[in-house]
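With the hints as extra help, turn the sequences into a complete structure.
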Amino acid sequence: MVRVSLSTGEKGEFPSGVTVREVLEKLNPRILRDVLVAKIDGRLVDLSHKIEKDCVVEPVFFEDREGKETFWHSTAHVMAAAVKRLFPEAKVTIGPPIENGFYYDFDYHRSFTPEDLEKIEEEMKKLVEEDHPFERVEVSKEEAVKLFSDMGEDYKVELINEIPDHVVSLYKTDGFVDLCRGPHIPSTGRIGAFKLLSVAGAYWRGDESNKMLQRIYGVSFPTKKQLKEYLRFLEEAKKRDHRRLGKELKLFLIDEDVGPGLVIWLPRGAVVRKVIEDYWKKKHEEAGYQLVYTPHVGKGRLWEISGHLDFYRENMFPEMKIEEVSYFVKPMNCPFHIYVYTSELRSYRDLPFRLAELGTVYRYEKSGVLHGLMRVRGFTQDDAHIFCTPEQVEDEIKATVEFAISMLKDFGFNDFNIYVSTKPDKAIGSEDMWELATGSLVKAAEELGLEYEIEEGEGAFYGPKIDITINDAIGREWQCSTIQFDFNLPERFNLTYRDKDGKDKRPYMIHRALLGSLERFFGVLIEHYAGAFPVWISPVQVRVMNITDEQADYALEVADILKASGIRAEADVRNEKIGYKIREAEKEKIPYMVVVGNREKAEKTVSVRRKGRGQLGTMKLEELIAAVKNEIDNKITEV
RNA sequence: GCCGGCGUAGCUCAGCUGGUAGAGCAGGGCACUCGUAAUGCCCAGGUCGGCGGUUCAAGUCCGCCCGCCGGCUCCA
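So the first sequence is numbered by my numbering: it starts at 1 and just counts up by one.
Derived by calculation from the structure, the hints in this document are not laboratory data.
Label pairs and their in silico Cβ distance ranges:
#1 R21 to K366: 49 to 59 Å
#2 E122 to R313: 46 to 56 Å
#3 Y339 to L231: 51 to 61 Å
#4 T548 to N414: 43 to 53 Å
#5 E248 to N414: 18 to 28 Å
#6 D154 to L231: 35 to 45 Å
When the alpha-carbon atoms are kept at most 30 Å apart in a straight line, the in silico DSS-like pairs for lysine-lysine are as follows:
#7 K195 to K239
#8 K604 to K589
#9 K611 to K589
#10 K581 to K239
#11 K589 to K635
#12 K239 to K635
#13 K274 to K563
#14 K587 to K604
#15 K629 to K281
#16 K195 to K238
#17 K238 to K125
#18 K629 to K282
#19 K443 to K282
#20 K225 to K238
#21 K505 to K443
#22 K126 to K91
#23 K398 to K443
#24 K39 to K125
#25 K39 to K224
#26 K629 to K587
#27 K172 to K26
#28 K398 to K282
#29 K577 to K587
#30 K172 to K119
#31 K239 to K589
#32 K119 to K224
#33 K281 to K250
#34 K141 to K172
#35 K247 to K228
#36 K577 to K250
#37 K91 to K211
#38 K563 to K589
#39 K281 to K398
#40 K247 to K635
For each residue, glycine too, the CB sits at the ideal point set by N, CA and C.
What follows is the structure, given as structure tokens:
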């Protein structure tokens, strides 16, 4: 007998070899309809798993992360089964769950078309209706190799040969057998709704030198309603797309005649940028940074010393020669900041030495990776470098992480994810340096009470880093801040400081960007707010509209007074109906719309409409100014 | 860069199997002087991404190039 208890509290005794499903039937039959898999001792198992010893069983549902993963993974199997039914020559490879759904890669002599996807969906529907169980079978590696090579599934054979265990597990769904660790949901009938979203090429094992496979993406849910909701989310994301809004709101322009990945900031967008820049500079000065400006190009020799020509050349715009001398456009600001550091003999008294610059850099990015403002070829980093002693590292890191978060909060982001990347296999710098640096990153996160994840081996070869990503209004994650140690450049440029003991020592160098780049950050802001910026950032804060020509002079006067109060205001005195003007202002997402008619003109008041809230009623001009100022000064981000 | 899709007026898009381009919005003009998301009428506007080719004839078919979109790889 085995004693089994559920994480929900129920307990019971069963004969050894009882399945998870049988246990649930006995102890908590109500959840049987929704439970997908179970967790025993931290391991996920099928409901058909046989229990041989005392344990606690934790039922897992779609609502759990692991439940979703299993659900999507199982759907990927169903899709593969459908593909094999329709295209028997297609070879299967891998089909994992991803953040929002799943994919499966196939090797097929041509790519799948949208029509193929429809057919595959139809076939999947049949498989779901037929409600096939996912059956687990364990076989020896030899047997598995024979089975899959007989079927001509070379990729599976390759995978099996890399598994260290002697026994591998297979899952059968109808006639389809797949090598798979599992577990799976009980049967295909559980997949209430699914949709295949797109086809794309993908390299076998993500390696450019390998064969390109056909990847099909999809999502699935237990109910149709959930699928509908997800599709609505995709629609919402589309509406917020910064490329679309950038055009609609006249914020920026990327034109093929100018060059792909090169951004032109239109006047409205430039206002937003100026607001960000002014704020950023003020905050940096307050935080003890010194602002500098550095050139856009530098001699080849400089990039040789820095090592960029060795390890970064493929991302740099090509060489140009001026009077026989080689120059490169800068892909990074660091070498220049180093020359600020070395412009004087530095003493330990000078440290920490913090330099900041909104430095515009150019990087050659492969054409296929460019994406609106998020991935461009010319961008302005909100860059800074901190030079400090080993003793100062911890405080500097902690202060920098705090600084990053306070800044992001001012822009209305309150939901963060923190990742600490540790030493990769190939790295420079001593073990001690890595330890001190990595330890300071972890400690900073811990002392600030932030949850973080360790990304093992994901650091750069020259040092560990901590990245901060933000979650936007509809839950999407964006990379912004990065704080990186650099053990490479101080060596290469032979940086030193004179310590108390009179000896010259090597400073630690920390490279960091808080917003990331102004371009990307702008893109994130646009998507987060769907173009309706908080008042302090909004290109136009107030638009004054008259009802008839009679109040045009008053509208202009009101706008002038607002402007004189430091508010970005403008008047719309065109001969149009008020409804039309309001509609335009709404579409332009202007936060404050002020209407003036004869009543307001006579009373010297204004009728105020706040975007997102509707009409606020009639008030004195001073009241309006106070309301707008309040939102600006306190950086109010919620309407 | 690689795989797939797309590229028609400033914008959003229509244009079946080849016969020589159309709508809405925006823009210009006129009338209307109007209370919180579209007043009406008129006008103008396109070497159909570029270059070649097939054809009596190409926006429609073929090739190459450029750009964009979705992925892969990479990343601020």
